[in-house]
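> Sequence:
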Amino acid sequence: MKMFHIKDAHFGSVNVVNILEDGWICASGGRDGALKLWNVSNLKETPEPQDYKSCLLNSKTAAHGNAWLWSIAYDKQNKMMYSGGFDCNIKTWDLDNPSLPVTSYSLASPILCLAFSHNALSSGCYGRSVSLFDPRVSLQPVIQHIHHKKPVICIASDEKFIISGSEDKSVVIYDKIARKVLKTLQFEGFPLSMSYDFHQLLVGDVLGFFHVIDPTEQSFELVQTYETGHKLKVTGIQHSLGSIITCSTDKTIRILEPNTNPQPIAVLSCSSEVSKISAYKTILASANTDDSITIWIPEEECS
Numbered sequence: 001m002k003m004f005h006i007k008d009a010h011f012g013s014v015n016v017v018n019i020l021e022d023g024w025i026c027a028s029g030g031r032d033g034a035l036k037l038w039n040v041s042n043l044k045e046t047p048e049p050q051d052y053k054s055c056l057l058n059s060k061t062a063a064h065g066n067a068w069l070w071s072i073a074y075d076k077q078n079k080m081m082y083s084g085g086f087d088c089n090i091k092t093w094d095l096d097n098p099s100l101p102v103t104s105y106s107l108a109s110p111i112l113c114l115a116f117s118h119n120a121l122s123s124g125c126y127g128r129s130v131s132l133f134d135p136r137v138s139l140q141p142v143i144q145h146i147h148h149k150k151p152v153i154c155i156a157s158d159e160k161f162i163i164s165g166s167e168d169k170s171v172v173i174y175d176k177i178a179r180k181v182l183k184t185l186q187f188e189g190f191p192l193s194m195s196y197d198f199h200q201l202l203v204g205d206v207l208g209f210f211h212v213i214d215p216t217e218q219s220f221e222l223v224q225t226y227e228t229g230h231k232l233k234v235t236g237i238q239h240s241l242g243s244i245i246t247c248s249t250d251k252t253i254r255i256l257e258p259n260t261n262p263q264p265i266a267v268l269s270c271s272s273e274v275s276k277i278s279a280y281k282t283i284l285a286s287a288n289t290d291d292s293i294t295i296w297i298p299e300e301e302c303s
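Going by UniProt numbering, the sequence shown opens with residue 1, and the numbers climb by one from there.
Since the hints were made in silico from the structure, they are not lab data. Everything numeric in this text was worked out from a predicted model, so none of it was measured. Be aware that one or more of the hints could be misleading.
Said to hold, decoys possible - Cross-link-like lysine-lysine pairs, in silico, DSS-like; alpha carbons within 27 angstroms at most:
(1) Lys169 x Lys180
(2) Lys44 x Lys2
(3) Lys183 x Lys231
(4) Lys150 x Lys176
Said to hold, decoys possible - Listed next, with one range per pair, are the computed distances between beta-carbon atoms:
(5) Ser41 x Gly127: 33 to 41 angstroms
(6) Ser219 x Ala108: 31 to 39 angstroms
(7) Asn66 x Pro298: 18 to 26 angstroms
(8) Gln263 x Ser138: 32 to 40 angstroms
Even glycine gets a Cβ: it sits at the ideal position worked out from N, Cα and C.
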């Protein structure tokens, strides 16, 4: 893998990255309130580190004013991005024309997490609320509930459920159709990150563990808890059929085998604490607290 380390990508800690458009673009958001788009395809053809910032496609420097931009979600079908910030706003951006937001909606407290799935946008807030939006109609909540006692840190969804993790050390599975809580799971350490795909829900926590939850037949049973090998909290997690990728404030990214004994395939050392990760096939990006973004691309894909 070839590492592209973009220094000073933001004026402040980078909170989130999201690889879009089949690995062509990387979106990033930071504590400077900026929303930036990076051309990953051009980055592959840029040999000198001092030229990496030339791959910036677009920068909206005050996407959320002076407030932190904390989360990004993407609707691939309609090429629409959603950003959530500490200004309590969710904003919609057209990827083909991201200079101005398409629409905006204000909630009562800062937005800490977003997820887009099955034509619906879910959000979790510092004020403990979980909201569901149908952007096909408008950016107005169609469902809002408060079943957490502390801020909602991570969120995922499917066609029937909204799954939220909170500082109250719980994961709440909310039935969108019945409009009630199906189940609440309690943990020793509070959830910080989620990955929901391939009929599995993985949850990374503040103690450095990840938990495997089985959602089949709406059971949402805790199957097993594993050590990640991280010394500190798991700030991001993403899994596929080939790997489980985790990041941490211990300045590492760990790529683990996706089995009942998840040994490390690789351990990547980073320049600072890692806020979040995003992976698409063979491309991996990290948001770092030293104002940088790091992108790993296979050597054979680079010029």
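> Does Lys150 pair with Lys176 here, judged by a C-alpha cut-off of 27 angstroms?
holds (21 angstroms)
> Would you say the C-beta atoms of Ser41 and Gly127 sit inside 33 to 41 angstroms of each other?
Since the Cβ atoms of Ser41 and Gly127 sit about 40 angstroms apart, the hinted range of 33 to 41 angstroms holds.
> With respect to the beta-carbon atoms only, verify the hint that Gln263 and Ser138 lie 32 to 40 angstroms apart.
Since Gln263 and Ser138 have Cβ atoms about 48 angstroms apart, the given range 32 to 40 angstroms is violated.
> Check the following: the C-beta atoms of Ser219 and Ala108 are separated by a distance inside 31 to 39 angstroms.
The hint (31 to 39 angstroms, Cβ to Cβ) holds, given that Ser219 and Ala108 are roughly 33 angstroms apart.
> Is it true that the C-beta distance of Asn66 to Pro298 lies inside 18 to 26 angstroms, as the hint says?
At roughly 38 angstroms between Cβ atoms, Pro298 and Asn66 fall outside 18 to 26 angstroms, so the hint is violated.
> Take a quick look at whether Lys169 and Lys180 sit within 27 angstroms of each other, Cα to Cα.
holds (20 angstroms)
> Please work out if Lys44 and Lys2 have their alpha carbons no farther apart than 27 angstroms.
holds (9 angstroms)
> Regarding the pair Lys183 and Lys231, is the alpha-carbon distance no greater than 27 angstroms?
Distance ~30 angstroms between Lys183 and Lys231 Cα, so the pair is violated.
Going through the hint list in order, the structure does not satisfy hints 3, 7, 8.
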